[in-house]
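Asks: Chains as they are written, first to last, in my numbering: chain F, 1 to 366; chain Y, 1 to 127.
FYI, nobody ran anything at the bench for these hints, they're computed from the structure. Check before you lean on any hint, since a few could be wrong.
In silico DSS-like cross-links for lysine-lysine, where the CA-CA straight-line distance does not exceed 27 angstroms [as the list claims (entries may be wrong)]:
hint	chain 1	residue 1	chain 2	residue 2
1	Y	11	F	16
2	F	349	Y	11
3	F	349	F	329
Every value quoted in this text rests on a predicted model; they were computed, and no experiment measured them.
For reference, the chains in residue letters:
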Amino acid sequence: MKKTVLYETHCSLGGKMVEFAGWALPVQYSGIIEEHERVRNAAGLFDVSHMGEIMIGGPDAEKFVQKIVTNNVKDMDTGRVQYSPMCYPDGGIVDDILIYKFADTKYFLVVNASNADKDFKWMKDNIEGKVEIRDVSNEYAQLALQGPKAQKILKMLTDFSLEAIKPFRFEQKVVIAGVDTIVSRTGYTGEDGFELYIRPQNAEHVWDRIIEAGKTEGLVPAGLGARDTLRFEAALPLYGQEISEDITPIEAGLERFVKFDKGDFIGRDALLKQKEKGPDRKLVGFEMIDRGVPRSHYIVQVGSMEIGFVTSGNFSPTLKKNIGIALLKKEYCEIGTDIEIVIRNKAMKARVIKLPFYSKKRRISL
Amino acid sequence: MNIEKGLKYSKEHEWVRVEGNRAYIGITDYAQNALGDVVFVELPETGADLETGDTLGVVESVKAASDIYTPVSGTVVEVNDELSESPEKINESPYEAWIAVIELNDFSQLDDLMDEYEYEQFCSKEG
């Protein structure tokens, strides 16, 4: 199992270590619900060093990125971050990635840990023009500081005007606690926050200083468990659940990240066909009416007819309800539709509701 | 980790408290700690006849669903309805938050369970 540079730090903080995508990571410290609530109301610090990073450079870098992702990077300014699916020719998703534009000739892609090797190979197999692709995952540790107090806490450690970093933008060489970092206003929790890319040897120092600085603001270290419940409430997709090689961005409600007018890209034909015809199935949110916790892969039915499956489900710490996301046949996707979730061979009543379950109000505390 | 005195323990981390021919069954402090925040408990039906190893209920935490097995056989005579409204009691006081009561039909089964010392040794091996 791979260990991040913060492995010992997590153990000393009481983190319960589990395996995730080949990495030893803390699933929780004090408790998932406690950590979840802290991120919603104050702040949480996550070690996300397991994420993969791929650098794409060279004169044809832009052309190449345009070909492999569905979003349009052409009009991106330097300093922007863009979310995009990366698809197979049939429209299934290879991965969903964050694209940082360093220059017209240099893009920094952040990919899921579980897909990093696959993604790297996929890119190499599809290489075209003068492009250099480098797996730079080992050169970066990554921290995510998330929550309404994130900016206030990070400000204690830097002279940089963090308020100048707008959502989905980043700055290079921001000095945090004396350490050069790349700082982006991004995250995976539905809250305001930052992601920091740091040289591994400096990660522990930065982690410790953030934890220390955040103490008075209610910051806690947070684990994979809270990361999952937070992203789930915000209906942010998780690869392998909401999206996969068998689920397209159109089905997953990610059409706004598919830019058909940008020219050709891998998956375009299949996705365009699906968009024009309308997808046969779609992701919806639902809440349980009967008691029971829905979980991913549970069957969804109406009467005794199977109409889809749950992609993610859990108790929502913010809503205090059992809720889920499901991929259903299109006829059953309207809000208010009564459906049944099969939990341990019993059909339990549920109802289709609006996504996302949670979205933050503007409440960034400065 | 807290191990309550005077109870019997199973390898699946259930505890059994015997009063007369009634066996109160719950999950241990070790188990609740491993599960994390409990958000739902599925209770058995009263009147159900269960054999050792049958599912007594399901405890769902934020992390996952875990089956709870009965360490003794007999008839379910009472269930702890309080857990339907307040599943978190399992985290707060695992030795009070019993899940169900089983009327014992074979007291010798209790001899197959661990006492507190044996259970402590068992848990330390599980890490």
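Asks: Within 27 angstroms, alpha carbon to alpha carbon, are residue 349 (chain F) and residue 329 (chain F)?
Replies: holds (17 angstroms)
Asks: Next pair to validate is residue 11 (chain Y) with residue 16 (chain F); report whether the Cα-Cα distance is within 27 angstroms.
Replies: holds (21 angstroms)
Asks: Hey, residue 349 (chain F) versus residue 11 (chain Y), does the alpha-carbon distance stay inside 27 angstroms?
Replies: violated (35 angstroms)
Hint 2 from the list above is the single one not met by this structure.
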